[in-house]
Amino acid sequence: MNSAIVKPALAVYTGLFILFLYAPFIVLGILSFQTGPEGGPQFPIQEWSTYWYRHILGLTPPSRIAPLPIGEALIRSMVLAFMTMVVSTVLGVLSAQAFRKRFTGAGVVFYLIVLGMMVPGVLVGLGMALVANALGIDRTWWGTAFALHVVYTFPFAFLVMLAIFNRFDASVEEAAWSLGVPPARTFRRVTFPLIWPGVLSAMLFAFTLSYDEFARTLFSSGRELTLPLAIYGTFSVEIHPNVFAFGVLTTLFSFALLAVYAILMGISVRRARRLAIQEDIA
Amino acid sequence: MSTTIANAVVTNPPARAPGRSRSWTSYVLIAPGVAWMLLFLVLPILMMVYVSFWTQTTFTIKPILTTKSWEMFFSSDTYLASLWTTVRLWLIVLGCTVVVGYPTALFVGLFVRNKTLSTVLLVLCVIPFWTSFLIRVLAWRPMLGEQGAINIILMGLGLIKQPIEALLFTELSVVIGMTQIYCVFMVGPVAFMLSRIDPNIIEAARDLGAGFPRIFRKIILPLSMPGVVVGAIFVSVMVLGEFATPAALSGRKTNMLGNIIVTQVGSLKWAFAAVAGVVLTLVMGMVVALLLRIVDLRREL
Chain A
1 MNSAIVKPAL
11 AVYTGLFILF
21 LYAPFIVLGI
31 LSFQTGPEGG
41 PQFPIQEWST
51 YWYRHILGLT
61 PPSRIAPLPI
71 GEALIRSMVL
81 AFMTMVVSTV
91 LGVLSAQAFR
101 KRFTGAGVVF
111 YLIVLGMMVP
121 GVLVGLGMAL
131 VANALGIDRT
141 WWGTAFALHV
151 VYTFPFAFLV
161 MLAIFNRFDA
171 SVEEAAWSLG
181 VPPARTFRRV
191 TFPLIWPGVL
201 SAMLFAFTLS
211 YDEFARTLFS
221 SGRELTLPLA
231 IYGTFSVEIH
241 PNVFAFGVLT
251 TLFSFALLAV
261 YAILMGISVR
271 RARRLAIQED
281 IA
Chain R
1001 MSTTIANAVV
1011 TNPPARAPGR
1021 SRSWTSYVLI
1031 APGVAWMLLF
1041 LVLPILMMVY
1051 VSFWTQTTFT
1061 IKPILTTKSW
1071 EMFFSSDTYL
1081 ASLWTTVRLW
1091 LIVLGCTVVV
1101 GYPTALFVGL
1111 FVRNKTLSTV
1121 LLVLCVIPFW
1131 TSFLIRVLAW
1141 RPMLGEQGAI
1151 NIILMGLGLI
1161 KQPIEALLFT
1171 ELSVVIGMTQ
1181 IYCVFMVGPV
1191 AFMLSRIDPN
1201 IIEAARDLGA
1211 GFPRIFRKII
1221 LPLSMPGVVV
1231 GAIFVSVMVL
1241 GEFATPAALS
1251 GRKTNMLGNI
1261 IVTQVGSLKW
1271 AFAAVAGVVL
1281 TLVMGMVVAL
1291 LLRIVDLRRE
1301 L
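Order-wise, the sequence lines are chains A and R. Note that the first sequence covers residues 1 to 282 in this note's numbering. Note that the second sequence covers residues 1001 to 1301 in this note's numbering.
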């Protein structure tokens, strides 16, 4: 192909594309250092300051701008994301394990599970609110909203585990069994270490998706707000740079999460490598 | 624990009715997941369909079946306009994500043969997803506003004299925001399909004298179509179900079906919200069916 022209052109385009993806964050990051409380959410920067960060943490004297209602919302979101992570990972591992063998109705079940990540949040949220109303159940973030979060994240965990089991060499399990190792111990010592990277990824997916989820939560969580709902509340009113500062902080939090994932992943890879070397020596 | 049961079954000698006991454990393993999905996904959707035929009074709904809400939906200009807005925005944003995303996918998937570099580029594309969705939407406000970054840059370059007001709180801003948020879902699948193209095929075509345009049309494009369709399904489903981006960037001027649902629920008009929800579901079903018509994914993937 005429790589001489096409390739550099595409390289430049890709650079611009990545700029397009990042530009809003760069602007957001810059504006989060706007002076306060009189500085608005636009250019120019009147004076650089960390006012809005202190505003979020409640370290500034009271002003006409109400602080973001994030304290309790943050805790709720973390608890909810953790619950969702545990349940959807367990369901994902179980279901993917079931799919390692053919069974009647597997196709339908596959689509039923994948439907969970495809159906828009507004629809299931609305449906769940209607069911709760009809049954007279209170809508809560730890009940109805939690159920919907799992509906959303379980398919991701399932697909990740399915991919892992696809590449999984079942002969190591069979070897353990034929050597008389009980199934429970085989799972703990052989299967689980092998699928652990997948489990870790499934957990990461589930936690972050749930932590950020709000369309499903909007109708199904009742009075107590989760973090994304608290942010959504600021949409209707005038926005201030405190939302931007908050955006920077949550992004940093996500990166911290990603770092934990990378470290755990690195440890498991290193352990696998060490085992492989030991095998080579033996 | 139940995972281990499945493992145990494999060890059983095949003489003991293998087929039956095997699928039995599969059902045990799959049961919790299926039960969860039936209870919390299928039941709510069915309930929505059912409630769309209930009678709506001022503040409550009664389980007396009627088609009033449906008649109301299809005779109201507001609702029909929102249906049209939804379809229009879907088409525009889908087109934009293909046009904006395809060249990047082409570069990452086909031209970068260095595995590390292509991984780095894909990771760079995914990193923005580690920020809250709502923050990503809000981030466009200081970009597009009258005193926003784009206007300041364009004026600084001397390209425009007056700030472009049409950038924010219009349908254009919604399109820009959605394209940025969703185009990565197009880049991923397309790049994946492109990276599976055997370089020898392209090599052979070139040896036989085909230029890049012809190679693109005859080889690259057809082979990447499954990726485009998968990306299009992702993007379509997400765009059709949107309400936050229009709410944040259009200044409440652009109302999609999702926005209608949110407003109706806000004023306790559950039956109307349910009608809008069913209409949205139908639109989405048609769109996905249409996209699956284009390429037989099961065969291609």
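These are computed hints drawn from the structure, not numbers from a lab. Mixed in with the good hints, there may be bad ones.
[What the hints assert, rightly or not] Pulled a few chain R residues facing chain A out of the computed Cβ check, cut under 7 Å:
1) L1029
2) F1111
3) A1139
Don't be surprised by glycine CBs; every beta carbon is placed ideally from N, CA and C.
*Go through the numbered hints given earlier and state which of them the structure violates, listing their numbers in rising order.*
The structure conflicts with no hint, since it agrees with every one listed earlier.
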